[in-house]
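These protein sequence lines map, in sequence, to chains A and B.
Position 38 (the first sequence) corresponds to 38 in the numbering used here; numbering is contiguous.
Position 15 (the second sequence) corresponds to 15 in the numbering used here; numbering is contiguous.
Hints listed in this document are in silico derivations from the structure and should not be mistaken for laboratory results.
Hints may be right or wrong, so weigh each one.
What the hints assert, rightly or not - Footprint (simulated), chain A over chain B, 3 or more residues, beta carbon under 8 Å:
| # | region |
| --- | --- |
| 1 | 97 to 106 |
| 2 | 131 to 145 |
| 3 | 192 to 199 |
| 4 | 222 to 236 |
| 5 | 249 to 261 |
The beta carbon of each residue, even a glycine, is placed where N, CA and C say it ideally should be.
Chain by chain, the residues run as shown.
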Amino acid sequence: MKFFDRIKEGLKKTRERLRSGLASLFRLRRPIDPQVLEELEEILYSADVGGEEVARVMERLQAAHREKRMEDTDQLLGRLKEELKVGLQGMDSGLRWSAAPPTVLLVVGVNGSGKTTTIAKLGKRFQDEGKKVVFAACDTFRAAAMEQLQIWADRLGIDLVHHQQGADPASVAFDAVQAALSRKTDVLIIDTAGRLHTKDHLMRELDKVVRVVKKKLPDAPHETLLVLDATTGQNALTQAKTFREMIGLTGVVMAKLDGTAKGGIVFAIYNQLQVPVKFVGLGEKMEDLEAFDPAAFVEGMFGE
Amino acid sequence: MFEAITQSFSKVFSGLLQRHRLTDENIDEALKEVRTALLAADVNFRVVRQFIDNVRLKAVGQTLIQNVRPGEQVIKVVHDELIELMGPKHSPLEFSTEGPTVIMMCGLQGSGKTTTCGKLALRLKGQGRHPLLVAADIQRPAAVRQLQVLGEQISVPVHANTNGTAPPGICQEALTKAKGDGKDVVILDTAGRLHIDDPLMKELEEIARVTRPHQILLVCDAMLGQDAVNSAKSFNERLAIHGLILTKMDGDARGGAALSIKQVTGKPIKFIGVGEKIEDIEVFHPDRLVSRMLGMGDIVSLVEKAQATVDQAVAIKLQKKLMDNRVTLQDLLVQLEQVERMGPLKDILSMIPGMNSLMQQQDFDEGELGRFKGIIHSMTKQERLHPEIIDGSRRRRIAQGSGTSLQEVNQLLKEYQMMRKMLGGLLKKGPLNPMALLRGEVPMKGKTHEKTRAMLREERKRRKKKRHR
Ligand SMILES: Nc1nc2c(ncn2[C@@H]2O[C@H](COP(=O)(O)OP(=O)(O)OP(=O)(O)O)[C@@H](O)[C@H]2O)c(=O)[nH]1
Ligand SMILES: [Mg+2]
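The following block holds chain B by itself, in its conformation from the complex (with noise of 0.2 Å):
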């Protein structure tokens, strides 16, 4: 979902990365279009201004050193100031050493409690726990039956009372409730209340005193757009959160919302939704998020961004073995074939993070690609899924079949064990080093991304005439 934003840095810095020296002027410019992407993304305009007010202070002072790239400089700023914003690493959820966990759920109307509470226990109960879902959501049409019938998919209780009773007491019974039965967390599913709503915050407010959450949570649209501060600061004034829920993140919205609230709340975004079925519901990476917003990705993104012109089935598979470095020969011939289809080798593989280095070393060109081709052809199938069986005689023998010579093979097997060991280091050592990504590593050439090019000078045409209004 954060894709439209991360193409958006990705233009700021591929045009950054061009320059050979950073002028003051030109950190201006690339401000500039940070501010726009930022904008254009929802995060809100005063948390932009922040933003960029500190890269600026931060970005300013660093012009002159020696041995780093200018541009590099500028977007190692923008990056530690967005992990800065995103804020800590994933922070679990906590729980009581003494009775029931209670977690209380809110939020505006149509952002996704409901829902959001059987993912939630679902989860949980999957960890062992035995969760008890509380419906008291009263206001809205059948929203304690959805809660119901979300319970029953999971097997999760539900306690409801429908006879008139307030939402604070709803609550208070399901506490009683949850301890006789040996509940050991008790959800709370509230209605959607706006913000400026007072009866309603009041309401909350009294949920929370006599329920005493071990975590409040606030669940928010990931769509939302200049609003979110002030939603999320009202809730977050009045019941003190604890975190955040971000849904809907399988959409395309660019999410700059959850910025803004993380900045305004200071409160950890703890999950996020990613789909309308139970199991929905996923851990949130900020880091991972930062990297896919400047555009440097992991291999999760990278995939992503190939899909636009390799086919996806493909793709997702390949992204797979990359991930549990389990490529094969047979998939690297594949992937040559797609290769020939979509333009230069050198533009899909500078996609993948550290090829961009190998690259550097060994200089490919399209002829060697055409022999190694003719090399993997030459294989058995087994003996492209498992190189490992490839011996002398083998050897010869696709040397032979494919009018190659030994070396060539030799160098073929060598490279792609080189591959193998690559991305087993990258994957051990965690999330990649955008900046060693960074290194020249933006895919913007080769017929491949002539598109793209193309639409990239026309944006940029527009925003300079925009700019001289």
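Next comes chain A alone, as it looks inside the complex (with noise of 0.2 Å):
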């Protein structure tokens, strides 16, 4: 299934709420006048798109309406499909491959965000592209972590770099990007455990697994992913910028994208923070994963 097919499907529910939202604002034909648009303000604001966005797309949108480029709530709804596509333009949602293999790829969040499920996730995809995979178990503190992704790379038949619980993660990445080069992988994919972006102690334990990384390999991680949960707030854009500051980040990936969440902060995120959206996660199977297409999230969102 394609992404749009997927988004459209996951989101069937959310479309039947949002168009009721929608539908009394586009459904019938009518002129624009304040209501609307104080109505159409609402419909972003309840899809997470965020105080600063939602303005910049008012102001476009109350532009347009004044030099009369607009008049009724079918152009309405145009253009801003229109202008929040506008919001992603240029967003590179490619993945960044090492010139000689093994491409790092470093996967961070917050605790729960579905960072151990987008590994496996991506573990299946760069397999079916026919690549040769390596996990990294870096999540020694949280209960069970590494058994989470044993099960998962056991299912994917790949194999699983990890030492013993409370082990210090960055051991456990050196090792990883050691055995990731003599058995000649092209993906090495890193688990981290999930940290609040505020603990300080806990965002240098991972600069810490970037630099040993590096100490191998100058110029891995070749991707350091974030990985958000689509209900999260406003809080996720903090968290981008916090995690993009202490250790940098190449891409996030919106997962749970399958729920009625409509995670529309990752506007806020490219805009205010360059970072580009990579993949979406549309469920809790290992082929739920799609990459970002910015006109597809933007229809999935607001369009049939």
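From these two lone chains plus the hints, build me the complex, please.
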């Protein structure tokens, strides 16, 4: 199934709900008045788009309205989508591959956002592309985190590098890079413990993982992906900001978009931080991952 | 974690307080700011709208009341409304009088159910109960193992069954087992699921049907956004939950979703999770939350605010002492020295609830502060820690050593005693009355806050511009 269809399917319920909002706004074609614009603003808020981005979009729509470039709600919907797409313009969602293998992906995020599951999904994806993959279990903190990744690795037939519970994550990463090099793997994906971005010592721990990886492979990690939970509100922007400052980010994975949350925070993350969204998670199974497609995302949010 | 929302409110209210009269127009403006703050804090827009409407209704009729500052009136309304939304005072878990109490956890994926099960089990164990944990999440890889590890850590037995029995069956088994083993609490850890996943929601209904839980608790992530209302509503509609647990409160999310969820379910927030460690669970205090949201802090948030400028370790110690009313002259000295680095003392003191009235009475001057410092410097360590030992001859010695008069030494000691008495009084009264603290109390003056004020100016300009787009 393609991204668009999946999103559509996954968000069917959302859209029913949304449509009840959108419907009253767009089903009956009516002239644009302050009431219509206010309703529109609330729809944007309800998608977690957030104050600044809502203001930006509304400003553009109001200008268009003032200049009589659109008159009724039909045109408004078209323009709204257009503006949102403009907000994601130029986003490069491709992965950065290392010239010489292995390409190293570091996966980070707050507790429970969907990191480990995303890693399983990525592993499957790369495997399907004919690549050899290794996982590194650098979450040595959470109970049974290693076992969780082990189960996915077994299901996929992917090698897992791990130490004991409580081991230094950086040393696991070091060994994993070593293993990836000697086993001539194409991709090494590093799972890390969930951590709130506010915890300095945990952020430093992550930085140490990065430094240790760099010691072996100066270019690595080639991708540092922040996994965000789509149900998260405005704090997602703060998370992205802090993780980017502390360890640098090359992209975001928006997990759990199969629910009713719409993940509208991606606009702010892209506009304010220039961090692109690379994948979206659409379920709990290993095939439930899609490359991010801005146009499809916007259509999936608001369109038919 | 509610610091950000607190800050936003401070901005709004400091603006309000500066005005002499509250006109219809500036109620409007203030409410707009409140709206922006609430939306930025992830409060659902419908909840926000309702909130604003209520406040407006109540505030507009009141604008002409005499002898009350107009700003205070709006704040009072906002405050009361928020308290109403955050709902009743702490609502404890209810236990069965007969047979084991069944507590069922449910929630979205990744909300923190398993960890919370462990935390709750430890807490209840500490209260002399005998919990049994039940691993009913057979969906997520190694979820059973995770609960088992937690169980081992806290020496609480875990019932698991990985032979293909469905979760309702597992829970039923566990109940029988608990009865046989004389357990008095059974905590069911269910798999995370989407509220729109009908088969899995049916499974939860089935678990509830066969185990008849005394408490069904929805575990919610404090970082949730606008969609929180949808998921919470569905869980509540299908399971008739009894309460909420808010997790990951140790982060910096503004936590407005708590308000939305509370509003849409009408169910109380029972506990909050404040860390990854198994003991990191606390009882939820709506009143504390609201006063924090209003930026008129209790002592805890006072110290948090001060942390930005005050040395953190010292602040933490002071917080403890403030709470126990054990502030010594030595502490006072440390504070005075920090104050010198920070700017006028008045500003710092104004951050301490109740200090404000003291300041009005006494009108501090900075020269006096230097004197105070000199006096304390002339005391021995023992004297600083135990001022009660300072008798007449010691007073004379201190006065001489510091080049001050006996009267001045007496005055310092008297004020120190007054401060302690006042703090004691404040603490006894329980949650501090924001109205009292509000009277001109917003700490927005002086060098210390120059940066904040500059930020605020910027922010206001930006918002104004936005409004007139
Ligand atoms: N519906 C849905 N659930 C997801 C998705 N991605 C992950 N999950 C679920 O979210 C929960 C947490 O996922 P994990 O992958 O364990 O998250 P994590 O970030 O590794 O968690 P920690 O390591 O504990 O911080 C699990 O129940 C997953 O099945 C998604 O795209 N959609
Ligand atoms: Mg994980």
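Violated constraints from the hint list, given by number and in increasing order: 1
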